[in-house]
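Work out the full structure, taking the sequences as your base and the hints as a guide.
First to last, the sequence lines map onto chains X and R.
Take the first sequence: its letters are residues 1 to 356, numbered as in the working numbering.
Take the second sequence: its letters are residues 1001 to 1379, numbered as in the working numbering.
The hints are simulated quantities; they were obtained by calculation from the structure and are not laboratory data.
Subject to a maximum C-alpha distance of 30 angstroms in a straight line, what follows is the list of computed DSSO-like cross-link-like pairs (lysine-lysine): (1) X:LYS24 / R:LYS1007; (2) X:LYS114 / R:LYS1007; (3) R:LYS1370 / X:LYS24; (4) R:LYS1007 / X:LYS3.
In this text the structure is predicted, and so the values were computed from the model without any measurement.
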Amino acid sequence: MSKPRVLCAMSGGVDSSVAAYLLKSAGYDVVGMTMKTWSADGGSANRSCCGIDDVDDARRIAAQLDIPYIALDMEDIFQKTVIQDFQSEYLKGRTPNPCIVCNYKLKFGYLLQKADEVEAEYVATGHYARIVEKDGRLAVLSCDHEKDQSYVLYNLSQAQLARIMFPLADFDKDKIRDMAWEQKLTRVAAKPDSVEICFVKDDYRNFLKTTVNEKLQPGEFIGNDGQVLGKNEGVAMYTVGQRKGLGINLNEKTYVTEILPEKNQVRLGRRQDLFRKEMRVNRINWMAKAPTTESFEAQVKIRYQHEPVKCFVAPQADGSLQVEFSTAQEQVAPGQSAVFYDQGIVLLGGLIDSCS
Amino acid sequence: MTISFAKYFDSNATLPISDFHRSTLLENLEPMGNASSLHAYGRRAKDLIETCREKCARYLGVDHREIFFTSGATEANHIAIRGLSKILLEAHGQVRLFYSQLEHPCVLDALASVEGVTKIELSLDRFGQPQFDSYRSSLGAGDLVICMAANNETGHLIDFVDLHSSKSTQEFELHVDMVQVPGKCKFAMSGFTTASLSGHKFGALKGIGILFKKRGVDFPALFKGSQEKTFRAGTENLIGILSLSIAIDELLEKEKQWQAHTKRLRDHFEQRIQNELTGINIYGLASDRLINTSNVCFEGIDGESLLFSLDLLGYAVSLGSACSSGSVEPSHVLLALGYTESQARSSLRFSFSHHNTLEGVNSLVDAIVKTVRRLPRKD
Chain X
1 MSKPRVLCAM SGGVDSSVAA YLLKSAGYDV VGMTMKTWSA DGGSANRSCC
51 GIDDVDDARR IAAQLDIPYI ALDMEDIFQK TVIQDFQSEY LKGRTPNPCI
101 VCNYKLKFGY LLQKADEVEA EYVATGHYAR IVEKDGRLAV LSCDHEKDQS
151 YVLYNLSQAQ LARIMFPLAD FDKDKIRDMA WEQKLTRVAA KPDSVEICFV
201 KDDYRNFLKT TVNEKLQPGE FIGNDGQVLG KNEGVAMYTV GQRKGLGINL
251 NEKTYVTEIL PEKNQVRLGR RQDLFRKEMR VNRINWMAKA PTTESFEAQV
301 KIRYQHEPVK CFVAPQADGS LQVEFSTAQE QVAPGQSAVF YDQGIVLLGG
351 LIDSCS
Chain R
1001 MTISFAKYFD SNATLPISDF HRSTLLENLE PMGNASSLHA YGRRAKDLIE
1051 TCREKCARYL GVDHREIFFT SGATEANHIA IRGLSKILLE AHGQVRLFYS
1101 QLEHPCVLDA LASVEGVTKI ELSLDRFGQP QFDSYRSSLG AGDLVICMAA
1151 NNETGHLIDF VDLHSSKSTQ EFELHVDMVQ VPGKCKFAMS GFTTASLSGH
1201 KFGALKGIGI LFKKRGVDFP ALFKGSQEKT FRAGTENLIG ILSLSIAIDE
1251 LLEKEKQWQA HTKRLRDHFE QRIQNELTGI NIYGLASDRL INTSNVCFEG
1301 IDGESLLFSL DLLGYAVSLG SACSSGSVEP SHVLLALGYT ESQARSSLRF
1351 SFSHHNTLEG VNSLVDAIVK TVRRLPRKD
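Pasting the structure below:
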């Protein structure tokens, strides 16, 4: 009796290639699929992902693994969901995480839809994360190494989690590359990881300048007392905690401490002005933790690269959360995601709306 | 056959070589010299090429001096279109190139590469025939008409009767892409200036094709060399040429029975599909078509999803135009024939051959019906 069919998302990178291999060697009926999100020129030459070369690589790996393969053109919808959200969030003075939007709105949604079409019971990706069950609820459990990707997966629903497999869960990144070499998946074994944002080749500011330049309205830099310190290029060009590229010299280390989009202003200050004690989080997805109105303690990550810190969470009547950090945190950026953990398990997550 | 082609319904894309073909190839593929060499080894190679050339010519009903071997129909189309355009420009100063969206992408590409001429795209009438009417009386020297014999996607045949009669009195040039013809229908090549054929479409190896060039028409090759009477540079593809000859022998012997068999299967397929599913539209049922082709629009169904589901069950069929980069564009032919983009994306091409069986066709239809009933409708 053969194992069920799994639709495995293959980006053309080493992680998803090895994920497909692991599933195949475990006896699953694997079907590989690339969701082509972006086809900028020179796609594989630098950090971007899922361009034409990557589709070729994924197809080649599928052929080597002897699994059926399909490439799905998602460029249009990627533009309309992920890229547009990215642009509009920055224009609103927020700091988006497009990978989270992509995973939530695109990747898993379409993957599961396609899985139904091809009669696959499960879907799989090359994410470094684990799925566990706790008190009758499914949740993502982080991996013990720095490649853990549980942070970007907090939006998965219970129904989705029931059909997702993460074959790389128990492995270290180095082991994955070794396996790629061992299995002669040479096309991907030496490929660098795609880091940062897949559709931005260098700096997000250049991307915004190229794509939404007409919407960038210059405004003012202001200080703690509201005094005007200089000109800014448009709130989209800045992110909370930013120190470089301000184009202003104030004789001391200066940081972006706050963005005021309604007035098109960017507040500058010193490092100590970056610290916040509280934040409001909305657009919540309850994962391991069932929805509740009672306050609770948790560990929270407010950025992808952030060590979780202790906090107190008070659910509000409108469905948002008022969160108090046990120690003030710097660089709390509206638009970023806040993911709450307990012993590595994702309890819930949402978007940072404001902070104080 | 070592690999079964029983579930292969994409014959218009290519045909596999038969077991007989393979063994005959191996038997006849002796170590050879270079056909351009002056010694006995060279002469032997040259003899093989010329024997094959004569065979091709006889099969097509033309002179052996009008047959040139190329790497395929793509190359033949490029040679003809670019070459004819060039000499016409030199002779007349002004050139009109007539074509339609029925043409294969490689022909459209060849057209795009030609400069200095006036390109006139002909519209298609409701039977899918290119509309020459407004130009018919003015066609003459300095005009090049590009018109395929049979459309690879829909299978419908182009009606050359009027063109042929005009051609005999008016001196325009006519290039015909005949790729889908051999083995599927007969075509008289009278009046053609040039024509292109592709070996692998009628059971020869991939990578070999034929350019027909009427005697007395001279134009430069794409790149100069000594082979093929200086017309097509490069040491000849001996095994490809040999393969053409073997494929033609097979056709001469079996073409008629293969066609009868294939037509029966195609017709049975269409009958079952129409009986068992609703929202089905088959292109050109009332027109003259290749006996093996069926282009079916499954209204409301995503063609790509259907194709892939069939693929997972082992069946090979085709969408209008495939692209390995992962974005499938809707068929330019279907759009030109008046399909909406949605209808074009809901259309699949099934092309049958003597490799298929009734049993295979029945299981294909079963799979299609089951999948179509299961797939969600497009919104």
